[in-house]
Amino acid sequence: MGVEEAPSGFLLTTIEDLAGYLRKASVWPVTFGLACCAIEMMAAGASRFDLSRFGMEVFRASPRQADLMIVAGRVSQKMAPVVRQVYDQMSEPKWVLSMGVCASSGGMFNNYAIVQGVDHVVPVDIYLPGCPPRPEMLINAILGLHDHIQNAPLGVNRIEAARAAEAAAMEATPTFEMKGLLR
Amino acid sequence: MSAPTAAPHATRPAGNEDMSSTVRAFEAYGDGDWDDIAREAIGEERIVVNMGPQHPSTHGVLRLMLEIDGETVTEARAGIGYLHTGIEKNMEFRTWTQGTTFCTRMDYVAPLFQEAAYCLAVEKLLGITDDVPERANVIRVLMMELNRIASHLVCLGTGGNEMGATTVMTIGFTAREEILRLFEAVTGLRMNHAYIRPGGVAVDTPEGFTTQAREALKKVRGYLKQLGDLMLANPIFKARLTNVGVLNLSGCMALAITGPVLRSTGLPYDVRKDNPYCGYETYDFDVPTSKGADCYDRVVLRVEECYQSLKIVEQALERLDRTEGEPVMVADKKIAWPAQLAVGGDGQGNSLEHIKKIMGTSMEALIHHFKLVTEGFRVPVGQAWQTVEHPRGELGVHVVSDGGTRPYRAHFRDPSFNNLQATSVMCEGGQVADVVVAVASLDPVLGGVDR
Amino acid sequence: MSDVTPGGDQGSALTPPEGAATFEVVEVKKGMFGVQGSGDTSGYGGLVTPVAMPAASPRPYGSWFDQVVDVLAEVLADGARVGGPTYDQAVEKVVVDLHGAESPDARQVELTLHVAREHLVAVCQALRDDQDLRFELSLGVSGVHYPHDAGKELHAVYHLTSVTHSRRLRLEVAAPDADPHIPSTTSVYPANDWHERETFDFFGIVFDGHPALTRIEMPDDWVGHPQRKDYPLGGIPVEYKGATVPPPDTRRSY
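These protein sequences, in sequence, are chains Z, G and W.
The first sequence begins at 33 in the working numbering and counts up by one.
The second sequence begins at 242 in the working numbering and counts up by one.
The third sequence begins at -18 in the working numbering and counts up by one.
Calculated directly from the structure, the hints in this document are not laboratory data.
Just so it is clear, CB atoms sit at the ideal spot from N, CA and C, and this is done for glycine as well.
Treat the hints with care, since some could be wrong.
Computed Cβ-Cβ distance ranges for the label pairs, DEER-style [to be verified]: (1) Pro229/W - Thr46/Z: 51 to 59 Å; (2) Pro227/W - Asp562/G: 18 to 26 Å; (3) Gly405/G - Ser84/W: 41 to 49 Å; (4) Pro229/W - Arg190/Z: 39 to 47 Å; (5) Ala224/W - Ala426/G: 31 to 39 Å.
The task is simple: from the sequences and hints, build the whole structure.
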């Protein structure tokens, strides 16, 4: 079924809503806890902060069966190829949540051993700061990701959205040229 | 290595009878790929299984390379370094007080122990070991023992989870939440607190803390009992853990294994008794030991240690009540961390009294605050070594100062790093499933291993 | 760097740790804040501060230190009859750090033996095996890099613990940068296996006789030894909203 024959318009919107709802309701994370954030992630999966109310308590060990890679913790130079390999082994649709400042930007470890942000290695959908972020913060980020998944366009809309995003990024001012923001 | 055009074949080297019969050694030569030569000559395949850095049962980013013969492990190697953060080198570029924030993130399950060991070593160099106020020492002991319980709960919980018993994990983590609530009340954070500072602790315990703590301890005791009931008499648990991962006393001493693994061999070596710090000699507690030196004994031991820690915590709470209102930082204003944290209008920050004082009344306090926060205090030249009884063994800190405001070298002898050397000894000859159990009983935390 | 005469001249106002009579200068820092006694309060270059590690302590050392040193000397003397080193050949310096205590019996006092690297294994064997010494546990190897201490740049520090006698001891061994070899103690203390690998990984000290000396923390093909002082911290400047925060090792230091 090529793109031309794919649903569009009203039918596509309905499918998007349905598919988005189904996808977000049971996002299965892959066990990718690295450091301190992993302990908070485990705490989020435990009974006080219960991730299973979102259908996410099954942390799949096999990347093939998982949808979400929560990179929880600092990514060292030695671990970076492993992160990429696990990401590649996950099947579509897949999302990445970069948990904690070390995964988002290198955190307090601005040195030779840590990759300064896992977005150097895998494309990240949502960043979660914190050192470590509380389980409630993690759940907040996951709910934000659920919104993102719910509203994700499909088919023709997806191609259009991708083109629009690329055009906007090309036009946008780079962060280091934005002046006067510190006031 | 080429006998030209020889067909691959293997001979057992002569005169090797002194090698134990479990080691098979061959000499093989021929043309071609090593795999072909080995397979044809030796006649059997080597299967090497990689329990890679991403694995649900390896307790963190640990890589285990196992050579397997059927279900038996013939060789086991541990590969580490996947979490190396260069914390020790980072500390050389920050002040002495900021070092606490870094070292706390090494073994993230028991962060207060790294802080305590580091601060005790720095206090040795400063020469103020005897000047740390009693209340600060009581708080340190209290926090460390609570952290010991929390760490053992993580060990037992994740160990149970790795074997497939998820309920053990949920009970363990729920119990730990009670303790984390206490940590949050005192330090502001659930993990990686940066609370113990050279000279004392950062801020005093809040009002009503001892009442809150006593309530929480009751719940923790209840959960510990539940865990004990769930695990210790369970026949499956016992079958999986008894006679697995045995490491006797000479093995432990040769590999300098300390902590519960050493105590499970029967030797009651505990740094808190042997070389006490922070006033541990004044507390009444026992050091549990076992005889069996296998994984089951280590689990029993860890549960028993939790109960002993609860005993110490109760004594510490009494002393907290007794020393109400006393300072928690050393008296020397040129070292003592100046600010008392409080919950301000924006949810965090220094207490308004302190700000009023430094801006309004005392010039010296302002200068001290400024110098301590920007430059930090200077530590005399020399080196110091301090060990503490970490839940996983003996944590040692070697600190070298060149007289400046930054550590010249801070090295942490992490117990998990050392204890992981025992993986090969514990796993070889056993089954693959026992590898998981053995590593879980060693309880490595890869943040401490890799630093 | 050891041409500075010891004992408090030229405004060397670093208070000697008690118990150490003389200094051994390791580095001379210039242009730093925090130098007292020279009268220069400008904070700019011209300030000179020698960095001196505590030098040999005089006898008697106090507490159980004398006993350990004497027993070690005896055991080494016995070994010297069959070709081993004598005490004076093996131990270059003995330092007692009081760390602010009033008497050597206080718990924070530490004993350090500086050992010549060629005799390290003999000393370790003596310390482990003799019943009055019995330092069974070796709690690892810690490397330190003193780039200005010519001829003795790389130090390896061993901390030994005696469970039987409840004692702690430090051994320090030095090797020059040009020849960074130290004999491996894994034959005496197998526990030092991974610690020596780590010290090799981070400092480049080659431990001769180690069964498998490879990198352990850094990736196997990493170039350089990260914790040496001449290896940069490796951070990147952080740009955010028009401001740039330089990496920690290039910021101004005090």
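Taking the hints in turn, this is what the structure says about them:
1. Pro229/W - Thr46/Z: 51 to 59 Å: Check passed, 54 Å falls within 51 to 59 Å.
2. Pro227/W - Asp562/G: 18 to 26 Å: violated, 49 Å
3. Gly405/G - Ser84/W: 41 to 49 Å: Given a distance of about 57 Å, which is not inside 41 to 49 Å, the answer is violated.
4. Pro229/W - Arg190/Z: 39 to 47 Å: Roughly 43 Å apart at Cβ, these two residues keep to the hinted range, so it holds.
5. Ala224/W - Ala426/G: 31 to 39 Å: Roughly 36 Å apart at Cβ, these two residues keep to the hinted range, so it holds.
Hints 2 and 3, counting from the list given before, are not met by this structure.
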